[in-house]
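Engineer: As given, the protein sequences belong to chains A and B, one line each in that order.
Counting in our numbering, the first sequence runs without a single skipped number right up to 360 at its last residue.
Counting in our numbering, the second sequence runs without a single skipped number right up to 601 at its last residue.
Hints in this document: simulated from the structure, not taken from any laboratory.
Any given hint might turn out to be false.
To be verified - Sample of chain B residues with no beta-carbon within 12 angstroms of chain A, all distances over it, derived:
1. Val126
2. Val178
3. Glu393
4. Ser460
5. Glu496
6. Glu500
7. Glu501
8. Leu506
9. Thr513
10. Ile517
Stated by the list, open to error - Some chain A residues close to chain B (C-beta under 10 angstroms, calculated; not the full set):
11. Arg51
12. Gly55
13. Phe56
14. Pro76
15. His77
16. Arg79
17. Val84
18. Tyr88
19. Ala147
20. Pro156
21. Gly239
22. Leu243
23. Thr247
24. Val248
25. Ile260
Ideal Cβ positions, reconstructed from N, Cα and C, are used throughout, including at glycine.
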Amino acid sequence: MTSITIEQAARTFGSVRAVDGVSIAIRDAEFFTLLGPSGCGKTTLLRMVAGFCDLDSGRVLFGDKRIDTLPPHQRNTGMVFQNYAIFPHLRVGDNVAYGLKARNVPADARADRIARALKLIQLEGHEGRWPHQLSGGQLQRVAIARAIVIEPNVLLLDEPLSNLDAKLRIEMRGEIRRLQKTLGITVIYVTHDQDEALSMSDRIAVMRSGRVEQIGAPAAIYQTPATPFVAKFVGATNLLEGTVASRSGDVVDVTIAGGNLRVRSTTAQVDQRIEISLRPEAIRLLAPGDAVPAGWATLSGTLNGVEYLGAVTRLYVRLADGAPPLQLTVSVAPADSGEIRVAYDPASAAVWTAGQ
Amino acid sequence: MKMLLRPISFKFVIAAVAVVFLLVFFVGPVLRVFSASLYDSAGTTLTFANYTHVLSNRFFLDALRNSLIIAAAAFVFTILIGVPFAFFVARFPVSGKPALLALAVLPLVLPSFVSAYALVLMFGRAGVVTSELRNLGIPFGSIYGTKGIITTYVLTLYPYVLLPTMAAFKSIDMSVEEAAQNLGASSLRTFRTVTLPIVLPSILAGALLVFIEAIENFGVPFVLAEDKPILAVETFKLFAGETATNPASAGVLGMLLIVCTTIALLVQRNVLARRHYATSAKRPPPLLPVGPCMRCLASVYCWTITAAALVPFVGVVIISFLKFNGPVLHYQFSLDNFAQLLERSYRPLANTLFLSTVAAILATMIGVPIGYLLVRQPSRLTALLDIVATAPFAVAGTVLGIGLVLTFNSGFLILTGTWVIMVIAYAVRKLPFSVRSSVGIMHQIEGNLEEASINLGVPPFSTFLRITIPLILSGIVGGLVLSFVTTASELSSTIVLYSGPWTTMTMAMFQALEGTSAGEATAAATILIVFTVLPVALVYRLLRRYELSTL
Chain A
5 MTSITIEQAA
15 RTFGSVRAVD
25 GVSIAIRDAE
35 FFTLLGPSGC
45 GKTTLLRMVA
55 GFCDLDSGRV
65 LFGDKRIDTL
75 PPHQRNTGMV
85 FQNYAIFPHL
95 RVGDNVAYGL
105 KARNVPADAR
115 ADRIARALKL
125 IQLEGHEGRW
135 PHQLSGGQLQ
145 RVAIARAIVI
155 EPNVLLLDEP
165 LSNLDAKLRI
175 EMRGEIRRLQ
185 KTLGITVIYV
195 THDQDEALSM
205 SDRIAVMRSG
215 RVEQIGAPAA
225 IYQTPATPFV
235 AKFVGATNLL
245 EGTVASRSGD
255 VVDVTIAGGN
265 LRVRSTTAQV
275 DQRIEISLRP
285 EAIRLLAPGD
295 AVPAGWATLS
305 GTLNGVEYLG
315 AVTRLYVRLA
325 DGAPPLQLTV
335 SVAPADSGEI
345 RVAYDPASAA
355 VWTAGQ
Chain B
51 MKMLLRPISF
61 KFVIAAVAVV
71 FLLVFFVGPV
81 LRVFSASLYD
91 SAGTTLTFAN
101 YTHVLSNRFF
111 LDALRNSLII
121 AAAAFVFTIL
131 IGVPFAFFVA
141 RFPVSGKPAL
151 LALAVLPLVL
161 PSFVSAYALV
171 LMFGRAGVVT
181 SELRNLGIPF
191 GSIYGTKGII
201 TTYVLTLYPY
211 VLLPTMAAFK
221 SIDMSVEEAA
231 QNLGASSLRT
241 FRTVTLPIVL
251 PSILAGALLV
261 FIEAIENFGV
271 PFVLAEDKPI
281 LAVETFKLFA
291 GETATNPASA
301 GVLGMLLIVC
311 TTIALLVQRN
321 VLARRHYATS
331 AKRPPPLLPV
341 GPCMRCLASV
351 YCWTITAAAL
361 VPFVGVVIIS
371 FLKFNGPVLH
381 YQFSLDNFAQ
391 LLERSYRPLA
401 NTLFLSTVAA
411 ILATMIGVPI
421 GYLLVRQPSR
431 LTALLDIVAT
441 APFAVAGTVL
451 GIGLVLTFNS
461 GFLILTGTWV
471 IMVIAYAVRK
481 LPFSVRSSVG
491 IMHQIEGNLE
501 EASINLGVPP
511 FSTFLRITIP
521 LILSGIVGGL
531 VLSFVTTASE
541 LSSTIVLYSG
551 PWTTMTMAMF
561 QALEGTSAGE
571 ATAAATILIV
581 FTVLPVALVY
591 RLLRRYELST
601 L
């Protein structure tokens, strides 16, 4: 059970700053996710913790013990690789036993721990199977068993679900999370899948170009994104840029491509360029005669497109004056495709100074 | 500090051992040949006189020209023969494909000078076929000189083009060709504009190896050139000449050889570097649905070439069991040839087995770790290692042999006349193959298997022993056997380096054919063939996995 501190970690490959001064403090028994697009440095950061990538500068600590100077085989991290990396020449049992043998665990204790680990991942009795006899999902479980059976200080998962089909992926999310809670182990989880990150994590670090954009709980990341990049990368959003036209109290009116948007901001000043993120589900479709909630702003436009997504329907609304179409999600699509009116709470929009 | 050193130590040790080995036994000797070419006959004054002397000599210029013409012809003809062969095998339902492939690769491991000698036995002045034709009153042209040498090269070297080209034809993702046809290209146009450009680097890479082999080969021209000067042969003659040895001029010719082959090797590496787009197919192309007529034509074509390449070897084996009366052949079964050959001594056979075994093990022990490093720990250091370990391919065996003699016939380490110097020469010469093959094997193993092992607490070297080695073992054994069989028929460095007690089977054969004991020569050739084909047949399944075509 270990807390992890990453201090100013940096690594350059050629002219690319893969990891550019990242500092993260991960709590004991926390499920911590590194989320970002490919090439953002999340895997490099994970491999720094595992010891497969040297740091140009900075430190990594488990508890208060510095570990980035240790060779990888002495760090006691359990890593689950994207393609599982199951040893093809060893049976399932020997794969799981591999780390225990390296730690000189006596044979009887070993067998016991292997059986328990396999039970935990619901593959009890599969010790004698060969890897090529297993499905992708089963290989994934063996990889997890092999990593946790050594009772690592920290479990490192590198996009472990990306090779599984959609249904199994969602099943495994719950299973990995349950396992982590059962074992009370610290986890660093790398993914580019925002749904995975939001549904599994205690906290998420959103990364971009080797830097951390924001660290926070899933709800905080989604609802109060620190930067336009976070808003765009995590969940769908309407990202708009405009100029503050006027202020009345906490609310400013923003001119956007000729249109007008009202958002809550205490800091934006008149004539300043700002960026606004307005989540599709924060926008409500108004039926004719509906009352506008107090303090909400309204917009009208024409329906520009409809995407049926099953549980919800996504609408694209072209505002009257040629601003980029606004997307919103509703549970029931409007009957006619003419003029429609929408309302939103100005406080639900996230606002930044443009060009940050 | 201790912490910082540890992760690099394993890598460092391998690289250091390999680098030291290559510096001492390869780079040093080659430089020694170079320096020999720069001194006057007394060995004291630095001079370019040797170069001006050689390069103004009509005879040596002819040698250079002949070698280049022959190599260029081999380059062109192996492409013309090998590419259709590769296409048919990759895309047509050719009859008896597994057997065809097994037999088609054999010429790569069989000694090419045996094939040349078979040509002489059958079509030479007193050849079996020639005499029969003459008896029937049909005149038959000479097979000596350029014609015979090119024929032998094409028949023995075409698998260098066949194998990589076939692999390339098979590894094109089908959707690429489908896309071309979907965009309106006919199948012929698709082949010309999509398929061929994609496999072209593989074709060229293979054919350039043919070019290099053809330039540096010693045995084939030695048997077939007669009085036509050939660079590799003249180099040897100048060094170990019957009249007067001339290491300086030999050095100049050796440098010419190295320059030619090095340029070809650099071009080949460059071509290979562009092969990136021929990545492994997600959906390999299916066999083309062709009519019985096309299928028959393709089968006949492939089988004819395969047979033509193997006929000389079969011919030698048959002849070795016939009775010779001096040089005159009688059609009568007899084991006399073998009896005569082995009566004198079993020593050459024992020597060949011993030397080949030790050399193959040495080449493997150095080559496999280098291949491992190249794939797993690419860096500037390993890139340099790659170049140095591949370079022996560009140095003719005669030149390496001369360099080794010049370097180790005096000083603190005297090796000339010993078996050690022969083993070293063989190991250096086989190293590029060993490295290339282990690179090929390593590429087939997912890299993070080792990381997984290290992550579970096993240090890098133990991981190498417990994970990497078991996974690449079949490939290593395959490579070991290939090194063994090709060393057994090694001639060009042997002829420079061997000494009386360390006469090999190849040398026994050469001495026999230089004299008049044609029977003994065929017996020796047969023994060489057996010791080549037998091990290869035994591990054929391993060898197929390990891809002969990776160099």
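Engineer: Tell me the numbers of any earlier hints that the structure contravenes, in ascending order.
Structural biologist: Hints 5, 6, 7, 8, 9, 10, 21, 22, 23, 24 and 25 contradicted; others consistent.
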